[in-house]
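Asker: Going down the list, the protein sequences come from chains A and B.
If you number the first sequence the way our numbering does, the last residue is 346 and the count never jumps.
If you number the second sequence the way our numbering does, the last residue is 306 and the count never jumps.
Treat the hints with care, since some could be wrong.
[To be verified] Only pairs whose alpha carbons sit at most 30 Å apart, straight line, appear in this in silico BS3-like list of lysine-lysine:
1. A/Lys344 x B/Lys64
2. B/Lys158 x B/Lys223
3. B/Lys242 x A/Lys344
4. A/Lys76 x B/Lys124
5. B/Lys223 x B/Lys251
6. B/Lys158 x B/Lys63
7. B/Lys271 x B/Lys241
8. B/Lys271 x B/Lys242
9. A/Lys75 x B/Lys117
10. B/Lys117 x A/Lys76
11. A/Lys344 x B/Lys50
12. B/Lys63 x A/Lys344
[Said to hold, decoys possible] Pairwise CB distance ranges, derived in the manner of DEER restraints:
13. B/Ser12 x A/Ile332: 36 to 44 Å
14. B/Met5 x A/Ile245: 27 to 35 Å
15. A/Phe98 x B/Ser94: 31 to 39 Å
16. A/Ala270 x B/Gly92: 52 to 60 Å
17. A/Arg66 x B/Asp10: 39 to 47 Å
18. A/Gly252 x B/Ser166: 53 to 61 Å
19. A/Arg74 x B/Ser99: 23 to 31 Å
20. B/Pro154 x A/Ile332: 52 to 60 Å
For the record, the hints were derived by calculation from the structure and aren't laboratory data.
Just so we're clear, the structure is a prediction, and the values are computed from it rather than from any experiment.
Beta carbons are placed, not taken as given, at the ideal position from N, Cα and C, and that holds for glycine.
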Amino acid sequence: MFTIARLTFLEVLRKKVFFVTAILSVAFVFLYGLALDFTAQEMLRMKAMRGAPLMMQQMIGNQLLGAGLYFSSFLIALLSMLASVGSISAEIENGLLHAIVSKPMRRREIILGKFLGYGSMLSVYAVALYLAVLALNSHYHPGVFSLATTRDLTFGAFIFVLQPLVILGVALVLSTVFRTLTAGIVSIILYGLGMVGGFLEQIGSAIANAKLVSIGIATSLLMPSDALYRKIIAVVTGSEANPLSVLSLGPFGVSAPPSNAMLVYVMFYVLISVGLAMYIFERKDL
Amino acid sequence: MLAIETSNLTKTYQGMGGCRDISLAVPTGSIFGLLGPNGAGKSTLVKMLVGLLHPTSGEAKVLNRPIQDVLLRKKVGFLPENFRYHDWLSGEDLLQLHGRLFGLSAGEISRRIPEVLHMVGLTPHGHKQVGSYSKGMQQRIGLGCALLPDPDLLFLDEPTSALDPIGRKVVRDLMVSLQERGKTIFLNSHLLSELETVCDHIAIIREGTLLYQGNWRQLTARDFRLKVVIGGHKPELNIDNVIADTAQLISKKDLGRCETGKRQELLIACAGEQYIPLTVRKLTEAGFDLYEITPITDSLEKLFLQYVSGNGDAEGR
């Protein structure tokens, strides 16, 4: 299992999609830092002229932090999907798995090895991106973390890492069932569904529409990636305890943060996905 | 002792294709050839035996263990037909990887890598990336991967499809040397000439059904024929009568005159190999001079064509 995990880890580093995503991430962090710098300068200018209201600083800071985490979540989701969606199907199609499955190991070890390999690489990548976004915000808008403790920020990192693991679990299941192209399309649709569901839930919560909230929750249960993003925002900005959080609403804000029960659900979701991928792959004819 | 034993092994896809009721017995220490036209179910059978396909019904034992037992594969090597390996690894790194997948210790892997590189003739290329190998070299490194655990049973699915004549000879010699060490080789190949050279035991399948299995040389030796060139023309003697007790004259052809006199070419059918010396003795006792005796056996190709065209009998099945 660890041989497969090591092989997978090294293999992902060699993939073009990793290289492209790494370059995009560096570009994103650079541009994001530039945007934060300009905003900070503008804040200083406003403060010098007539004094920037604290509430506005908090609002803009939250929006910028949300944007940073949202786009970094998107990048990591993209990498998770594109790197892992062919992990089984493509290797069946090109015959790479034939020489591996015929070795003295159980097929479930191959799935577990791949999950560990992709999972560890994506986790390292996710933590690096998360820390970069947080470091930039803490430098330019330290006030945005005024309500968050170190424990909250660490907890946020844990939730951030859960995002690619959710997508990885889904991609592994799809990759054992479908051909690579179909698996890729289905996983992108599911991810999009999760995003739309998340928006519906936020809108429903803001206008107090129970039906919209229910649809959003149901969608989040099917693909909880967006719910995780909302939870991260709530945790790192301390918006659950912040009476002014409602003022931070916007495309990247959160009006109804998911509960911790959702996190427990997500952990089971990942475990069940990997278990399901093992079950299907054990019975699959190659 | 049997290296592979299957009983009514069947694999169908929604009730179609695949192979049906294959009951095979592969003797330990043999080079066993699997023959059949395209789409006969050969690869399906091999894939079931190495664990890539799950049988629909029936049973199979490999090295005396049910095929579902993954641990039996510690001593089973497999070279897939559509071989593809991690081309970003060097040949040595690929062998390292496969050694670990076989569960070999670090010491065993270090010892075996130079050995198998030598066996497949890739010693000078071990440090190069597999992606830079030619197709033939990739097939040979695949064979090296299969040989790593010093397997008791080796499945080779079209092992020489990408090799040049020299490479084919290397693989052929390798198979023979492995057989001499008591290893069993299960060979699936379209190249009948190749099978003819190394295999005694074969199985022929067509449309997923086993048509024949056994020692093909014994089968073809049933109708032993001889081409005999004789001299010393004796018009008073009827050759039919001379050899009547041991053989039967099929044809006779005059070859014309040469320095030593008139020569004839005879085609004679014997009931078996044991009748050849007796037939020759009868001819010499009758006063004929013998210039040439050539046994004529049926080729594997002829036997194969007989079976797949439906003219073979069920003997040996």
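Asker: Tell me the hint numbers this structure goes against, listed in increasing order.
Answerer: 2, 3, 15
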